[in-house]
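> When you get a sec, could you build the whole thing from the sequences and use the hints?
Here are the chains, one letter per residue:
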Amino acid sequence: MPVKTVFETKIDHVSILDENGNFDAKLGKGVIPDQDAVALFEHMLTCRHLDEVAFKLQRSGRMGTYPENRGQEATSLGAAYALDKKDWLVPCYRENAGLFWRGLPIEMVLLHWMGDERGNQIDNELCITPLAIPIGTQMLHATGLAWAAKYRQEKQIACTFFGDGATSEGDFHEAANFAANLDLPVIFFCQNNGWAISVPSKIQCSAPTVAQRGLAYGMDCVQVDGNDIFAVVKVTRDAAKLAREKKRPTFIEAVTYRLGDHTTADDARRYRDEKEVESWKKKDPILRLEKYLREKKLWTDKKHEAALAKARETVTAAVKRAEEIADPKIADFFNSMYAELPADLKRQRDTMCTHSLGLDPSQLEGTERQAVNSQH
Amino acid sequence: MPVKTVFETKIDHVSILDENGNFDAKLGKGVIPDQDAVALFEHMLTCRHLDEVAFKLQRSGRMGTYPENRGQEATSLGAAYALDKKDWLVPCYRENAGLFWRGLPIEMVLLHWMGDERGNQIDNELCITPLAIPIGTQMLHATGLAWAAKYRQEKQIACTFFGDGATSEGDFHEAANFAANLDLPVIFFCQNNGWAISVPSKIQCSAPTVAQRGLAYGMDCVQVDGNDIFAVVKVTRDAAKLAREKKRPTFIEAVTYRLGDHTTADDARRYRDEKEVESWKKKDPILRLEKYLREKKLWTDKKHEAALAKARETVTAAVKRAEEIADPKIADFFNSMYAELPADLKRQRDTMCTHSLGLDPSQLEGTERQAVNSQH
Amino acid sequence: MANLTLVQAINLALIQEMEADDRVMLLGEDVGPNGGVFRVTDGLHARFGGDRVVDTPLAESGIIGTAIGLAMNGLRPVPEIQFEGFLGPAYDQITTHAARMRTRTRGAFTVPMVVRVPIGGGIHAPELHSDSPEAIYAHHPGLKVVMPASPYDAKGLLISAIRDPDPVMYFEPKRIYRAFREEVPEDEYTIPIGEARVVSEGEELTIVTWGAPVVQCMKAIENSEKSIELIDLRTIYPVDIDAIEESVKKTGRCVIVHEAPKTCGFGAEIATSIMERCFLHLEAPVQRVTGFDTVMPYYKLELEYLPETERISRAIEEVAAY
Amino acid sequence: MANLTLVQAINLALIQEMEADDRVMLLGEDVGPNGGVFRVTDGLHARFGGDRVVDTPLAESGIIGTAIGLAMNGLRPVPEIQFEGFLGPAYDQITTHAARMRTRTRGAFTVPMVVRVPIGGGIHAPELHSDSPEAIYAHHPGLKVVMPASPYDAKGLLISAIRDPDPVMYFEPKRIYRAFREEVPEDEYTIPIGEARVVSEGEELTIVTWGAPVVQCMKAIENSEKSIELIDLRTIYPVDIDAIEESVKKTGRCVIVHEAPKTCGFGAEIATSIMERCFLHLEAPVQRVTGFDTVMPYYKLELEYLPETERISRAIEEVAAY
Ligand SMILES: Cc1ncc(C[n+]2csc(CCOP(=O)(O)OP(=O)(O)O)c2C)c(N)n1
Ligand SMILES: Cc1ncc(C[n+]2csc(CCOP(=O)(O)OP(=O)(O)O)c2C)c(N)n1
Ligand SMILES: [Mg+2]
Ligand SMILES: [Mg+2]
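Chains as they are written, first to last, in the working numbering: chain A, 1 to 376; chain B, 1 to 376; chain C, 1 to 322; chain D, 1 to 322.
Because the hints were derived from the structure by calculation, they are not lab data. A virtual CB, placed ideally from N, CA and C, is assigned to each residue, including glycine. Just to be clear, a hint being listed does not mean it is correct.
[Said to hold, decoys possible] Mimicking DSS-like on lysine-lysine, the simulated pairs with C-alpha atoms at most 25 angstroms apart in a straight line are: (1) A:K202 x B:K241; (2) A:K56 x C:K300; (3) A:K4 x B:K241; (4) B:K202 x A:K202; (5) A:K241 x A:K150; (6) B:K29 x B:K150; (7) B:K241 x A:K150.
[Stated by the list, open to error] Over 12 angstroms on every C-beta distance to chain D, these chain C residues come out as not near it, computed from the model: (8) A20; (9) P33; (10) A46; (11) F48; (12) G85; (13) P89; (14) Q93; (15) P133; (16) A138; (17) R178; (18) F180; (19) N223; (20) A260; (21) L282.
Here it is, written out as structure tokens:
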């Protein structure tokens, strides 16, 4: 046969609770028990409120650049909910909802954006890696984390989050390729929010779906409505099972939308149409879940008021903790460089000088002396 | 619809002249006129002979490391034959057959492996880039070359060659992604020869085909019998048409086999089964084309003798030209660094010193003085 | 003449070179309709169209590797890397291909491209948005490395870089993108790559610096009673060692200031060259006031890391008193 | 005691550390059944199995990025990069992640990994198989950089590196992989990272070098009548500046030898440090005998590029006569 088909495939899109509030009872059965649905909803409200507060903190000079998560809460949250507590979450920077659900203290993320490394000093028990600033690089760490678990024959898997833009980076390709060919239990969770700063996702991937990125590796791939937390939970659960039992990776494309600017340093009106934003506001994952809960009589105005009050309280307390933390010590950025500090670095720390005339020990004034520069 | 299909596709394998000598008359019609088939066959014989000679040159210390092309001659040759003279060929290092067909003097490739940059000093009119040593990096150059042609609204396209191993590199991914999303006329021609040094291709790509790498970019992809020059010509021609007319890239997987060691520095017996090699010897592109030509009465023993004699003559002359070239001048590696040589580099060249005490102009003995190190 | 910021001066240079030469094209992340995250390419997409000002996929190796191909095939690409912290993925294409292409092909292929990168600290940016990689690229033969410290120089150097037949790393100190304005001629002009600028003349001590710290050095000089000569390198490679030699032979003392870490920073290269050339004129060891040999801290402490005025002043006093 | 080449010494160290600690695993291109292209991992796949000696896809950033994850999750990966010319694609993962992980997480995460890379010229290898990148990695805080120049040191340093809680770049000078043998104890032993070795003592001049050129320096010393002290750094970062200081204060003269290009090579750092610490003891400027500021030429001319004995001898004479 001169022309024969050697590979055939298709990609599915999964949706359970659609933007009109229709719930697919069959597929949705048992995905999220009512009680959890309420808890997840309350959690989303808190995250949404945090975005508002963080935005103001930045505008008033109390925090540096901050990336709003608005509109994307269901993606990382659904995934974190579907995974085991010991599974690694390997985030980019738009996964507040999932990280907080796992137990990351909110003030850690605030501290990070306040320019304080202590925001990354994450308790290892949480199985969360710090926010990743260089796009696309963290998927490789997820691959390694998952590999170590497999090496020790543990059940732990890793789920890494990233944007549509990140799938253009070579490191994404290498991570997916390692995971597929070495049979590593990793979930590649792409949040396709339509934009990478000002660049529309068609420039990152002009294929009909981003999900098909995974076909290159012979990986299972699926597209999911990322604003539908039920569908997100379902596909993540399936992927986790495959990873845990068969050590096979999955590529998930969660279709969502960034309702806010890229970060507080961005002005999205420069490059995108307000109409597009408006149309996506109707698909907001929070509105959708609220409608579902109200229809099921699980939610009332009163509960809503109470939840908002609670969210305000939670966020206020977190901001307070973040702002009241003691000033970082200069010695910290030296002392944390190596397990044991090399002699020359000790000298630099103790003298706050790089020029050797400052290296004379007589100039020492103790390791926690005031910084030279902050004296003026 | 909770689960709907959003993408469907399949990958074809194309073969015209199969390993048993069966020729698909319908698909093969007019692909290669008889006269050209003879010329291509003679060319392959020359390339095969070059491999033998090069191997011996290396073993006798007259040349450095050399990668045999044996078994893969039909891939780059078929592609080069199918393309226009002005289309870029952007090779890796196992494409002798295609490059020589285009017109690259054989001695250039020998010089390259003899440790002489003049082997890369390729006449721009040939539209060939020099051999690429770092795996996977040259596809990006092909993307840029093709882009420049499109920018100027020229008809030129680019075809880049690489191995199965190279598809694991991030740069491959980025090149394919740029080409697909920016609509650039590039052909990605993968020679899947089963191995990347000692690593089998399943470690590079465990998917059913390597061709499906292209699905990630929404690119046309096809798998072809890489030892069947008719099929190679046909798929390359289709890809070239798509590139030229629609500015769309294609991913071609040519399934072939490296009959020799990876390079003269390698010993393939350490890692692969002789039986595998034997089974592939039967699929040799040269045997296959010879059989075809003989069946069509286009080839005889006498012609074979004559062709071999001609091959010996051609290769001998090329070796002679490569070996008789004047010794390179030390000044060359300085003078070629920049369009205009910075002052300190001039001093380094003129004194052959990097220590400043040697910078005293009184030490100058002219720019083409003997090297310090070669005096002993 | 217009009173421009450094950002505006670069923008103007790009416009003028694109007007003058249709081989010049821009590519990078967000350089199109958004005009770059620092607005350096503001208005250029509207003016020159999407074929000449191109938003690419988010992939730095892809941007540079593709630009190499564009340059090899006759264009004059000016790729932008959004921040120096994201130059790493492109390091391989820059150092194994762009830097080597001319010499490995003995001139058959060349890579006339200008890689624009905002660099350096001091603007309270997130992690990996504040480093200074000039020494890395100066160590790789085949590249030129440029860093303007003023709007006037920024325009003239960028025009030279775009017209240069070899690859140029054009590092833009983002701390002074909008820190001050300067008269910048409207006509095109060039500043030769490889020539330092004497910012202020002096007799007793030489300060050598480049990029944003020129500002801190000027303050330190103001605060000092000494007669200090300030040299702004402008070009890191090929460095204008003759200018430095001349100055240090006159003053006998030298302080070098840069933001990058001390170890293997470009300050070491200059200090060594000074020792090689001015040994008998030196009255004190050359001193380096630099970033520490630590990772640049997050912004709460970034000013403690950077070579601010007081640290420079202290070094001046100590070297002068040696 | 066995009489081993440098390759064998490394092989032995790997075996012993893998026996002692099952967190130690190897990964890279061709490190499995093939035993590495230089046979450094020969026999290890058979001995420890495919889970601990892993052939990976051909992707250097992938190898290092994955190794970072392995290390963060409790293992002790020893990734191999096949040649230094292919370290470039991994530069970003090494410098933005491995080097920064401990400090950016204030110790919550660490990356105890050893990146093994054959480096340097002199073996008639193809393009991009002969460079020396130590200065690049020394400039990035957070890494340790090691380069053995003898089989004995190779074993002891590698064991230290594997046990080190921080990321170590372990550069193997391939020119001396099999150039000579040395007695290497069978038991495990460590050589502290950060301690130089005085190869031969002398009074009149100090030579500082590291890696393969130790051999050429020894020859130059033999050919000289002077009493010369030879220091092999062994560790590039953190460098044993005290040992250098002590020697140069004694001899007053110093020549530094390395293969990498001169500009911003590690020689500049040492020369500057010597000036800072031994200024009043120096009787001549410190001189550098290094690779030229050109791309390493293809092999026909590589010996003209490398700092061979005669160039070193000439520098010795000139510095001594200053
Ligand atoms: C390697 C790298 N290149 C560039 C940047 C600058 N940058 C920060 S976010 C971003 C866009 C990311 O888009 P995407 O991956 O889709 O994530 P999103 O922000 O949309 O969630 C860019 C270009 C970066 N952080 N890292
Ligand atoms: C970036 C890079 N990494 C590693 C190498 C070493 N190396 C040379 S050839 C090769 C295998 C290439 O395999 P493949 O791409 O399948 O091409 P083939 O040799 O089989 O034609 C390797 C690992 C290299 N040259 N470049
Ligand atoms: Mg996005
Ligand atoms: Mg192959």
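> So, against the hints stated earlier in the document, which numbers end up violated here?
Per hint list: 4, 6, 7, 12, 13, 14, 15, 16, 20 and 21 violated.
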